[in-house]
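> Sequence lines, in order, name chains A and B. Numbered as in our numbering, the first sequence ends at 442 without a single skipped number. Numbered as in our numbering, the second sequence ends at 442 without a single skipped number.
Calculated from the structure, these hints are not laboratory results. Hints may be right or wrong, so weigh each one.
The list makes no distinction among identical chains, and a pair is therefore deemed to hold if it is satisfied within one copy or across any two copies.
[To be verified] Below, in silico cross-link-like pairs of lysine-lysine (DSBU-like), each with a Cα-Cα straight-line distance of 30 Å or less:
#, residue 1, residue 2
1, Lys412, Lys129
2, Lys52, Lys129
3, Lys428, Lys129
4, Lys129, Lys74
5, Lys233, Lys74
6, Lys64, Lys121
7, Lys388, Lys121
8, Lys101, Lys121
9, Lys64, Lys376
10, Lys77, Lys101
11, Lys121, Lys74
12, Lys52, Lys78
13, Lys351, Lys240
14, Lys300, Lys412
Protein chains: 2
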Amino acid sequence: MIPYLCLYNAILTFVLLMPAISKKGLQMPESPIRKLAPYAEQAYKENKKVYHLNIGQPDIKSPQIAMDAVAKHSIDVLAYSPSEGSNAYREKLAGYYKSKNIAVTPDQIIVTTGGSEALLFTMGCIADIGDEIIIPEPFYANYIGFAKASGVAVVPVVSKIEDNFALPPIEDFELLITTKTKAILICNPGNPTGYLYSKEEIQKLAKIALKHDLYLVADEVYREFAYDGASHYSILQEAGLEEHAIMIDSVSKRYSMCGARIGCLVSRNPKIMATALKFAQARLSPPTFAQIASEAALATPQSYFDDVLEEYTERRNLLVEKLKEIPGVNIGLPKGAFYCIAQLPVKDTDVFAQWLLEKFDLNGETVMVAPAAGFYSTPGAGKNQVRIAYVLNKESLVKAVDILRAALESYND
Amino acid sequence: MIPYLCLYNAILTFVLLMPAISKKGLQMPESPIRKLAPYAEQAYKENKKVYHLNIGQPDIKSPQIAMDAVAKHSIDVLAYSPSEGSNAYREKLAGYYKSKNIAVTPDQIIVTTGGSEALLFTMGCIADIGDEIIIPEPFYANYIGFAKASGVAVVPVVSKIEDNFALPPIEDFELLITTKTKAILICNPGNPTGYLYSKEEIQKLAKIALKHDLYLVADEVYREFAYDGASHYSILQEAGLEEHAIMIDSVSKRYSMCGARIGCLVSRNPKIMATALKFAQARLSPPTFAQIASEAALATPQSYFDDVLEEYTERRNLLVEKLKEIPGVNIGLPKGAFYCIAQLPVKDTDVFAQWLLEKFDLNGETVMVAPAAGFYSTPGAGKNQVRIAYVLNKESLVKAVDILRAALESYND
């Protein structure tokens with residue numbers, strides 16, 4: 030029996046010698062956009078041209094003034110910056126906010142590595158393991174990732190395509206508030222919905238935050254992208270929210286500088302700022318070159334934004350008009366950002382999106398869309414929706430929608 | 030009674046209207062180095078010259094080739110890079126590791142925003158809330174921050190100044206291992222100790238990791254800084270650890286590019302890589318400009334490292350020799366990194382370090398040191414120790430130690 034026992038021990042040892050992945054790691058969501066990547070790779074290999082309607086990477090040029098500032102750097106020792114970001118940048122940033130009618134001091138700004146890190150710091154400051162954050166759904170998919178990483182539960186409140194994804198009734202929020210609820214998180218203008226909250230809607234949210242003593246966190250990275258003359262109303266413009274409002278921002282979309290990885294956390298609550306600073310100190314500092322670019326970008330002339338806004342408005346109009354012509358497609362008119370959610374006449378857009386890449390082409394061309402289920406946390410929600418980003422030029426957008434129309438005509442699910 | 034009741038309600042409402050900071054946020058440690066900053070600020074205001082022995086920011090120039098690469102950039106749209114880092118960079122990085130006798134493929138590397146993020150991803154992948162990671166103490170203070178942020182408990186195993194901070198006996202580790210223990214984390218060469226683990230010590234750690242099915246995580250960001258002809262032995266050079274070894278790296282110290290914020294996580298465990306990629310995708314990408322600098326830095330000539338090593342060796346020798354001349358000071362000979370722990374003839378170095386800035390000067394000059402208690406998690410440990418970084422030129426180092434000697438002579442605690 031001895032040899033068998035040894036073998037058994039050897040096998041047991043072998044089985045043991047595989048340390049486990051954490052539950053947290055297993056629960057981290059895959060990117061709903063990036064999980065289609067292998068099928069896109071395959072399409073490239075088959076020499077298909079793929080129109081990317083799936084990503085939030087704008088094709089707009091970054092401001093020349095920002096790119097030049099980096100090219101002109103004269104750094105000898107690429108040193109750590111202060112953990113809260115360089116003083117010069119934070120001072121100028123306060124000036125930018127002032128121009129947007131948001132009165133904040135440099136002390137109320139911590140520069141982060143992208144809006145992503147600002148969200149991670151925020152969750153760390155306001156929520157403990159098992160605490161809950163209410164988010165109108167559909168929402169930016171990575172909110173789930175930051176919540177999982179922080180041990181926080183996302184509680185979705187449903188906003189509806191038939192309402193153009195407007196703020197759900199306040200009663201819907203109140204039904205979800207428990208002793209574990211720490212915050213309401215919104216994205217305004219919204220990714221993936223393109224919805225721009227009105228001043229009245231922000232005020233409704235402010236009231237409920239005050240009433241239930243919750244933080245109101247707003248991801249305002251698409252602030253500049255408000256169309257049809259609508260103006261963006263920041264949670265920091267609302268009086269009485271000093272202790273409650275935490276704003277997340279980023280240069281990624283504003284200046285088409287996604288690769289900079291510079292964002293910020295802005296709050297007038299000194300305890301939040303002191304706590305967020307501790308998270309910031311642990312990771313030492315935000316990237317130096319990108320802070321140079323971001324500081325210089327603040328001098329971008331208004332004409333840059335006017336041009337970008339005009340371009341996106343035209344793209345949106347074209348996209349929505351063309352999509353509406355497709356039988357069975359349902360889409361509203363997004364007022365902000367550069368995304369929209371479209372409902373398609375298919376059962377499951379995960380399957381459809383993969384089919385588009387794997388099985389379909391129109392004269393050697395196809396499109397890649399982001400299945401919307403990944404933007405919902407309610408199981409089964411958004412199955413027949415996709416997020417479309419209008420980050421392609423108009424000519425490409427027209428071609429992409431034509432391909433989508435032809436695909437829907439030949440698709441059977 | 031009605032008006033009183035209203036007032037009471039009003040007060041109650043006011044009290045309620047202060048949303049709380051999370052326990053996690055309250056428990057996040059302040060930087061032991063940065064908490065003295067206000068006293069340094071005050072010293073500057075009094076026109077004192079302060080010699081900074083407290084920080085890990087090298088004064089060495091970043092490689093010109095890396096700074097030039099950024100200056101020569103021709104980026105139009107500063108786009109996201111792949112979440113795992115640019116392919117070109119990861120391929121060249123695998124080549125760098127090969128030159129260090131570490132055989133890894135680009136797929137076994139995820140580029141992170143500093144070594145900090147690599148540590149955060151690692152903790153997310155391997156440990157759940159309440160799990161434990163054993164770390165030889167004293168250790169890099171921010172390990173506590175990443176652990177708190179991740180909900181993980183740090184369990185210290187004491188290494189001693191009288192042993193020059195060598196690896197504690199393996200029995201000491203075994204006494205601490207519980208069902209909650211997920212990993213042993215080392216820093217090699219060590220910050221703050223300057224200790225370089227021998228191949229034999231790494232092999233002892235490998236054995237215990239395999240025996241108890243633990244991950245072995247090594248922060249090897251000071252790899253290049255090994256003195257007296259000693260060579261660094263990486264955990265990735267040890268056979269049989271494929272599933273267990275996770276290596277943390279960074280360009281910060283290697284190329285004196287702390288402000289780049291580029292690091293990486295390296296492992297041959299495919300499950301770890303797949304899980305870490307999900308954390309990486311949630312934050313989109315590491316910074317683009319800094320990846321350009323880091324990729325270019327890989328072509329830094331060996332002469333750069335030879336010069337740096339010679340300079341640091343001279344600094345270390347000078348520092349240790351001068352410190353040993355001070356009565357009551359105890360210090361070993363660090364074999365790596367650019368730190369050492371010195372035991373001073375004072376009761377509490379937190380008080381002493383503040384006194385140096387607030388109350389002391391020698392001809393208008395003083396020094397700033399890092400109290401070592403912040404590098405210990407055992408309460409009361411390291412109270413009479415400081416961490417000294419030899420990131421100043423030799424002339425300044427001599428002056429700084431002279432000031433320290435004079436300070437100790439006039440200090441009474």
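> Are the hints correct? Go through all of them and say.
To see whether the hints hold, each was checked on the structure:
no.: 1; hint: Lys412 x Lys129; result: neither (38 Å within a copy, 50 Å between copies)
no.: 2; hint: Lys52 x Lys129; result: neither (43 Å within a copy, 34 Å between copies)
no.: 3; hint: Lys428 x Lys129; result: neither (37 Å within a copy, 50 Å between copies)
no.: 4; hint: Lys129 x Lys74; result: neither (47 Å within a copy, 35 Å between copies)
no.: 5; hint: Lys233 x Lys74; result: neither (51 Å within a copy, 48 Å between copies)
no.: 6; hint: Lys64 x Lys121; result: between (39 Å within a copy, 26 Å between copies)
no.: 7; hint: Lys388 x Lys121; result: neither (51 Å within a copy, 36 Å between copies)
no.: 8; hint: Lys101 x Lys121; result: both (20 Å within a copy, 26 Å between copies)
no.: 9; hint: Lys64 x Lys376; result: within (19 Å within a copy, 57 Å between copies)
no.: 10; hint: Lys77 x Lys101; result: neither (40 Å within a copy, 34 Å between copies)
no.: 11; hint: Lys121 x Lys74; result: between (47 Å within a copy, 24 Å between copies)
no.: 12; hint: Lys52 x Lys78; result: neither (39 Å within a copy, 51 Å between copies)
no.: 13; hint: Lys351 x Lys240; result: neither (44 Å within a copy, 63 Å between copies)
no.: 14; hint: Lys300 x Lys412; result: between (41 Å within a copy, 29 Å between copies)
Violated hints for the displayed structure, listed by number in ascending order: 1, 2, 3, 4, 5, 7, 10, 12 and 13.
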